[in-house]
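*Asks:* Using the sequences and the accompanying hints, generate a full structural model.
Number of protein chains: 2
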Amino acid sequence: MNIALDMMGGDYAPLQAVKGVAEYLATNPTDIHLTLIGNQPQIEECILSNPLPTGTYTIVHAQQVIEMNEHPTKALKEKQQSSIALGFNLLATAKTDAFISAGNTGAMMVGALFSIKTIPGVLRPTIGAYMPREDGKLGLLVDVGLNADSKPENLNQFAVLGSLFSKYILGFQNPQVGLVNLGEEEGKGNLLAQATYPLLKENTQLNFKGNIEGRDILTAKAEVMVCDGFTGNVVLKLAESIYDIAKRRGLNDEHFNRFNFEIYGGVPILGVAKPVIIGHGISCATAFKNMLVTAQRMLQSGLMEKMKESFVK
Amino acid sequence: MNIALDMMGGDYAPLQAVKGVAEYLATNPTDIHLTLIGNQPQIEECILSNPLPTGTYTIVHAQQVIEMNEHPTKALKEKQQSSIALGFNLLATAKTDAFISAGNTGAMMVGALFSIKTIPGVLRPTIGAYMPREDGKLGLLVDVGLNADSKPENLNQFAVLGSLFSKYILGFQNPQVGLVNLGEEEGKGNLLAQATYPLLKENTQLNFKGNIEGRDILTAKAEVMVCDGFTGNVVLKLAESIYDIAKRRGLNDEHFNRFNFEIYGGVPILGVAKPVIIGHGISCATAFKNMLVTAQRMLQSGLMEKMKESFVK
Numbered sequence: 036m037n038i039a040l041d042m043m044g045g046d047y048a049p050l051q052a053v054k055g056v057a058e059y060l061a062t063n064p065t066d067i068h069l070t071l072i073g074n075q076p077q078i079e080e081c082i083l084s085n086p087l088p089t090g091t092y093t094i095v096h097a098q099q100v101i102e103m104n105e106h107p108t109k110a111l112k113e114k115q116q117s118s119i120a121l122g123f124n125l126l127a128t129a130k131t132d133a134f135i136s137a138g139n140t141g142a143m144m145v146g147a148l149f150s151i152k153t154i155p156g157v158l159r160p161t162i163g164a165y166m167p168r169e170d171g172k173l174g175l176l177v178d179v180g181l182n183a184d185s186k187p188e189n190l191n192q193f194a195v196l197g198s199l200f201s202k203y204i205l206g207f208q209n210p211q212v213g214l215v216n217l218g219e220e221e222g223k224g225n226l227l228a229q230a231t232y233p234l235l236k237e238n239t240q241l242n243f244k245g246n247i248e249g250r251d252i253l254t255a256k257a258e259v260m261v262c263d264g265f266t267g268n269v270v271l272k273l274a275e276s277i278y279d280i281a282k283r284r285g286l287n288d289e290h291f292n293r294f295n296f297e298i299y300g301g302v303p304i305l306g307v308a309k310p311v312i313i314g315h316g317i318s319c320a321t322a323f324k325n326m327l328v329t330a331q332r333m334l335q336s337g338l339m340e341k342m343k344e345s346f347v348k
Numbered sequence: 036m037n038i039a040l041d042m043m044g045g046d047y048a049p050l051q052a053v054k055g056v057a058e059y060l061a062t063n064p065t066d067i068h069l070t071l072i073g074n075q076p077q078i079e080e081c082i083l084s085n086p087l088p089t090g091t092y093t094i095v096h097a098q099q100v101i102e103m104n105e106h107p108t109k110a111l112k113e114k115q116q117s118s119i120a121l122g123f124n125l126l127a128t129a130k131t132d133a134f135i136s137a138g139n140t141g142a143m144m145v146g147a148l149f150s151i152k153t154i155p156g157v158l159r160p161t162i163g164a165y166m167p168r169e170d171g172k173l174g175l176l177v178d179v180g181l182n183a184d185s186k187p188e189n190l191n192q193f194a195v196l197g198s199l200f201s202k203y204i205l206g207f208q209n210p211q212v213g214l215v216n217l218g219e220e221e222g223k224g225n226l227l228a229q230a231t232y233p234l235l236k237e238n239t240q241l242n243f244k245g246n247i248e249g250r251d252i253l254t255a256k257a258e259v260m261v262c263d264g265f266t267g268n269v270v271l272k273l274a275e276s277i278y279d280i281a282k283r284r285g286l287n288d289e290h291f292n293r294f295n296f297e298i299y300g301g302v303p304i305l306g307v308a309k310p311v312i313i314g315h316g317i318s319c320a321t322a323f324k325n326m327l328v329t330a331q332r333m334l335q336s337g338l339m340e341k342m343k344e345s346f347v348k
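These protein sequence lines map, in sequence, to chains A and B.
So for the first sequence, my numbering puts the first residue at 36; every next one is plus one.
So for the second sequence, my numbering puts the first residue at 36; every next one is plus one.
Certain hints may be false.
A pair holds if it fits inside one copy or across any two, identical chains being indistinguishable in the list.
[Claimed, not checked] With a straight-line cut-off of 30 Å between C-alpha atoms, the simulated DSS-like cross-links for lysine-lysine are: (1) Lys114 - Lys130; (2) Lys223 - Lys152; (3) Lys223 - Lys114; (4) Lys223 - Lys341; (5) Lys152 - Lys112; (6) Lys130 - Lys341; (7) Lys109 - Lys223; (8) Lys54 - Lys130; (9) Lys244 - Lys343; (10) Lys114 - Lys244; (11) Lys223 - Lys130; (12) Lys236 - Lys109; (13) Lys223 - Lys309; (14) Lys54 - Lys256; (15) Lys244 - Lys282; (16) Lys130 - Lys152; (17) Lys282 - Lys114; (18) Lys152 - Lys341; (19) Lys256 - Lys282; (20) Lys223 - Lys186; (21) Lys282 - Lys172; (22) Lys186 - Lys152; (23) Lys172 - Lys109.
The hints are simulated quantities; they were obtained by calculation from the structure and are not laboratory data.
Here the structure is a predicted model, which is why all the values come from computation and not from measurement.
*Replies:* Encoded structure:
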């Protein structure tokens, strides 16, 4: 299988990407070939000081880079030789099986939505974020911004996609699904949450637990937490800021350190036919390695097939 | 002026309420008489061990108590002799000027919405919550749950009400208003945020700063942060849980300790004609004292008159 990685994405590209690739390849992944997309001379220079095993990778030269502050749709259209555009091109034409970038988030979202197919039956793909739990595991919050306005049937699908990801990648055998809401009782909520509750309750593909509140998001009350992308985005960025505040306060606590979202590497787009992972802008070598590991697991665990089966009518 | 306090609300009633009243009266408030509503024998017993200056208070006996888990509307209707029902009755008939309770939150909301008048011109009252800032001051997040589904014109009014509260009670001369959103740029957001932005921008009563993101909520980027009640409720409860997590981790940090929302006493309902403050269920003596101080300030600072002037057409 082939995983493509945008070497130009992230604040420390391509050096940290190369280092991450080296870390990843040191794990001797089975049946994986890497496609490294980016400025070839720059990549090769980094490889000189961070040697990679020959035969494990191919470099695809990209003449352009989409910068972090560029308008996603415009940049993707105008910079067809950029690493992100080339990556989605390779993915769409089946020359790679997965694509990872820590570059322009918007361009990654637009690319995922418009250049590759969604899983048949999926109305809207979603983007999830890990929520660190005190037991050391990771919860999953979906959606965190791809769908600012969501419909009940969207949330119902996000729950299915999130549950499968939680099971196959995050290691929960029968993940509990919680609907993020402003009260615990059935019937509570805004119109969206009220209309979503019965859909989740009746969905036999889910282990639905009921409503969860804001105080439950960081405390392992459910493994998969479902909400619209507006709420989820605010929650994710608030959670990220906890680490910054703790750091400014000089606190060094193992659990609060896990709110440093950079360490997770990236978050998957769920509901598209192939693995796409969006990395944090300030991804370090470990983050790149972790994204490669996640993409490999998404390919080799059978997750993608399970997702397809779940949406067959 | 007269402030009524529900002595039966909160997990440690009426003892902590009596202790809070004692602390408050020790500040020698000017021109304030207290009306203490609740089970008279129980209150008097607590006063024996926590003496209150004579002539500063009157006890109004309430035969009933609305418990924390009762259905708000039903309980208010059926328990007309409860401390909360009596409190709103006194407020509605101008026998008191403000009402405070740490009891059933839903009953307090229903009472505030239906038994006393909103300020003329206010479409929907709102409930705000304090957000602790690293500079030691308090930001204000509105709405945090009274309006699960809000309209743009509601958010615009919440911003005005919140700004006045921030100025007159929280001490910000010209509070900056931020619209909670999933991106900083104008045009970002769900449909609600997109439609709200121009209203806030054009509102000459506001010092509108633009969009703020989840990461800005705890970091003093704006003094007044406006969002729908669903998002705000999730944010508030998530923020509350940070303190619980820090405590479980054995952390004792001055700033994180300020996420113990009990210390603030309670949050005001804004947009109703008279001060109504809803306390935290586990309010301690200091919380009761702080709520009394806030009610006094709301009455004596001219805030209520300013709010009325702001909504005159």
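*Asks:* Work down the list of hints and note, for each, if the structure agrees.
*Replies:* Here's how the hints hold up against the structure:
1. Lys114 - Lys130: within (20 Å within a copy, 71 Å between copies)
2. Lys223 - Lys152: between (36 Å within a copy, 25 Å between copies)
3. Lys223 - Lys114: Between copies, since 23 Å is at most 30 Å while 47 Å is not.
4. Lys223 - Lys341: Cα proximity of Lys223 and Lys341: none, with 32 Å in one copy and 34 Å across.
5. Lys152 - Lys112: Result: close within a single copy only, 18 Å intra versus 56 Å inter.
6. Lys130 - Lys341: So Lys130 and Lys341 pass the 30 Å test inside one copy only (22 Å; across, 66 Å).
7. Lys109 - Lys223: Between copies only: 16 Å across chains, 41 Å inside a chain, cut-off 30 Å.
8. Lys54 - Lys130: The answer is within: 24 Å in one copy meets 30 Å, while 73 Å across copies does not.
9. Lys244 - Lys343: within (24 Å within a copy, 45 Å between copies)
10. Lys114 - Lys244: neither (46 Å within a copy, 33 Å between copies)
11. Lys223 - Lys130: neither (48 Å within a copy, 34 Å between copies)
12. Lys236 - Lys109: between (41 Å within a copy, 27 Å between copies)
13. Lys223 - Lys309: This pair counts as between: shortest inter-copy Cα distance 28 Å, intra-copy 36 Å.
14. Lys54 - Lys256: neither (37 Å within a copy, 36 Å between copies)
15. Lys244 - Lys282: For Lys244 and Lys282, the Cα distance is within 30 Å only across copies (27 Å; inside one copy 34 Å).
16. Lys130 - Lys152: For Lys130 and Lys152, the Cα distance is within 30 Å only inside one copy (15 Å; across copies 67 Å).
17. Lys282 - Lys114: neither (38 Å within a copy, 50 Å between copies)
18. Lys152 - Lys341: Answer is within: at 16 Å inside a copy they meet the 30 Å cutoff, but 56 Å across does not.
19. Lys256 - Lys282: both (26 Å within a copy, 18 Å between copies)
20. Lys223 - Lys186: both (17 Å within a copy, 19 Å between copies)
21. Lys282 - Lys172: Both: 22 Å inside a chain and 20 Å across chains, each within 30 Å.
22. Lys186 - Lys152: Within. Shortest intra-copy distance 21 Å satisfies the 30 Å Cα cut-off; inter-copy 35 Å does not.
23. Lys172 - Lys109: neither (39 Å within a copy, 42 Å between copies)
Hint compliance for this structure: hints 4, 10, 11, 14, 17 and 23 are broken, all remaining hints hold.
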